Amino acid sequence: MSIDIYWRIGTHGDQPSLRRRVTSRGEWAPVVPGSLAPGVRHGRRDGYSYVEHMADVARASEVSGFVGGLLPSFPFTDDPWATAAALARETTTYRFMIAYQPGFLHPVQAARMSATLQRATGGRLVYNIISGGGGPAQLWWGDRVDHDDRYARTSEFLDVLKGVWNGGPFDYEGRFYRVEGAGLPEPLARQPFPEIYFSGSSKAAIEAAGRHADYYLSWLEPFPDLAAKFAQVREHSAALGTAPKFAVRIDVLARETEEAAWDEIRRGWEHVDPSALASADGDSVGWLRSQSFVSWPVRHHRELEVSPNVWGGFHLLRGGPAFGLVGSYAQVAERLDELIGLGVGAFILAGVPHLEEAYRVGEEVLPLLKGHDVRVASPLTAALSDSRA
Amino acid sequence: MTETPEFLVTVPTRGDGRHPLRRDRGDWEERRPLPAFVTDPRGGVSGPSAHIAQVGRAAEIAGLDGALVPFDPEGEESLVLAAGLLRGSRHLRVIAGFHAGIATPVYAAKLSASLQRFTGGRLDWQIDVALDPVVARAHGDFLQGGDRYARAEEFLTVAKGVWHEEGYTYEGVFYQVLAGGFQPPNAGLPFPRVHLSGIEPGALALSARHADVHLFDPGQNLDVGIAGLGDRAAAEGRAVAYGLRLPVLAREDEEEAWREARGLWALAGGADEDFPRPDPKTGLWPGFDRIAGPGALGLVGSYEGVAAGIRAYRDLGVTTFVLSARPTVEEAYRLGERLLPLFATESQKETAHVH
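As given, the protein sequences belong to chains A and B, one line each in that order.
So the first sequence is residues 1 to 389, counted in full-length UniProt numbering.
So the second sequence is residues 1 to 355, counted in full-length UniProt numbering.
Hints in this document: simulated from the structure, not taken from any laboratory.
Accuracy of the hints is not assured; some may be wrong.
Cβ pair distances, simulated, as ranges [unchecked claim]:
| no. | chain 1 | residue 1 | chain 2 | residue 2 | range |
| --- | --- | --- | --- | --- | --- |
| 1 | B | Arg18 | A | Lys203 | 34 to 44 Å |
| 2 | B | Pro33 | A | Val32 | 54 to 64 Å |
| 3 | B | Ala36 | A | Arg190 | 26 to 36 Å |
All figures in this text were calculated on a predicted structure; none of them were measured in a lab.
Think of the CB as a built atom: it goes at the ideal place given N, C-alpha and C, for glycine as much as any other residue.
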């Protein structure tokens, strides 16, 4: 089986390193000299917008060997549908993994947008379906459906989306959706259906994943916990007669040597505000789980290394999940190989800053992987692997 | 009315072509094959977005102010096309047409805020409210009659609410938001200019409260519509601009234009003896029904003649003209070179000479 390796495109700005939590890319912080996209030129904004930077990250990761990029979605981010549609024509092989919560868009509209995007990109759209999250943020979005009900809605959403996908007429009467005589018009119909990466750590999520996921996607956790979670998904899926593959979303800090990597973390740790230790928010089971692997409070950054190279403090240095890999290029590659050994069939990697680290991880870490043949994404890496063969 | 009107082009959402019935540009039909002995480089390179991008560039280069991507249940999705058009242009305003059932108002606003950020605030909305009931039900929308206007009212209220106000809370019949509202940098952007349409009282009442531009069609009674909407908007303390969706066929002289019209009529399957005459009073040609879509009425004539027709609408108060003409690329160039200069003001001409 070939392993799909994605990169992540930050949809809410980026920092130039993990050393300081300063967002100088995009205008999520005040635009001052040194800011990029938009930047300052002769004392005025230079007219660029953050989408220019996201285009750079997409092109950089495409040429570095990643099959595509994850576009996350939160209240404060840019929207992934808008981003994918804007960038569709600026890459050639790059897949756009759109994170979304069913319920914000009507499934017929999601099908229409997806089909037009498939036509615009030659079938390079991938879904990251999120049903959980929730808490106060859910009503920020104007969504009043409860946590477990959201998985039932996701099921209905996908029923309708798949029902209209190949044309019509399609009728449906569910708890959340009702359509009559629906169907995509020719020639939007019968585009390749996007692969589904399904996120969620709760019981309801794992059950729903068994039904709908091509890949069950998890944040990185300590490997034994991850293995146990996969076993749960396998068990639920087997009962349904399905067998989703597994994917892990991992932040990576890899350097030439282990010392250089930890030194980078140490420099960031020096600026962590002790009061910034995040508290659990919302009804996301994934977030609660990630907090439970470490005994707080923590004084030294290496205390968050729960097993070799697995570090649980990334959320203190940048926004996002806690766990990631820290180490030499070779060590990080070894850990990724171990995950492949646990059954992982796809990765979504990320590093700060996303542009520069896409080149670094693509050039220095991916070629060291031994687990399986990595799916070749760009003409450049294809040429390199041909010459090595 | 000395102000220069705003001209937009209508983006073809289900193919385009020289022949009124062919849709092979934009990948809605196979391109005609080249002879076997001719090298054909086209395989796989011309997707739908390649043609849409070409339309956008043509409209921009030709000096049009914008492009309307209508909601077309039988065509490509408009927000996706709009994103590509905006990304590929510098000046063009792009109106994305959709209906209130496509998303929650929060999500429609969120997606639009990103497009505003990416493009310097050039996205506009056209909300279709009175959908054909069959189309509406196929899109999961079973509301009928006045409820559709009530829902559109809430949709626009909530979308504007979260856009402009942090900590926004709303409790309505159709929507609910708690402690919503966008934060910087998604806050403080220009809200998409809202285009609405329809001539019935519910439509005019909604426009009076929410439209920036109300789009009419040539078959409607603009005198009555504009007067009615003007009064209602004034009562709300607002002003609404008036627009017109107008198919055009403009050529060097009258004779050439009508020769072209006859040719298109025949290609679209019209019998010569049925070739319709323009309405003697309005000058509108009903033959567009066959070549531009059911019920379409538009202007045929010389550039000066079509310009005179447009001026007559401008005298009624119309300031936005959403033109449609096929094939879209060639006709956008033609309109930009020949029709639009007839509306250049003296000061614009002087500026052009200086450079």
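* Which numbered hints turn out to be false for this structure? -> Number 1 only.
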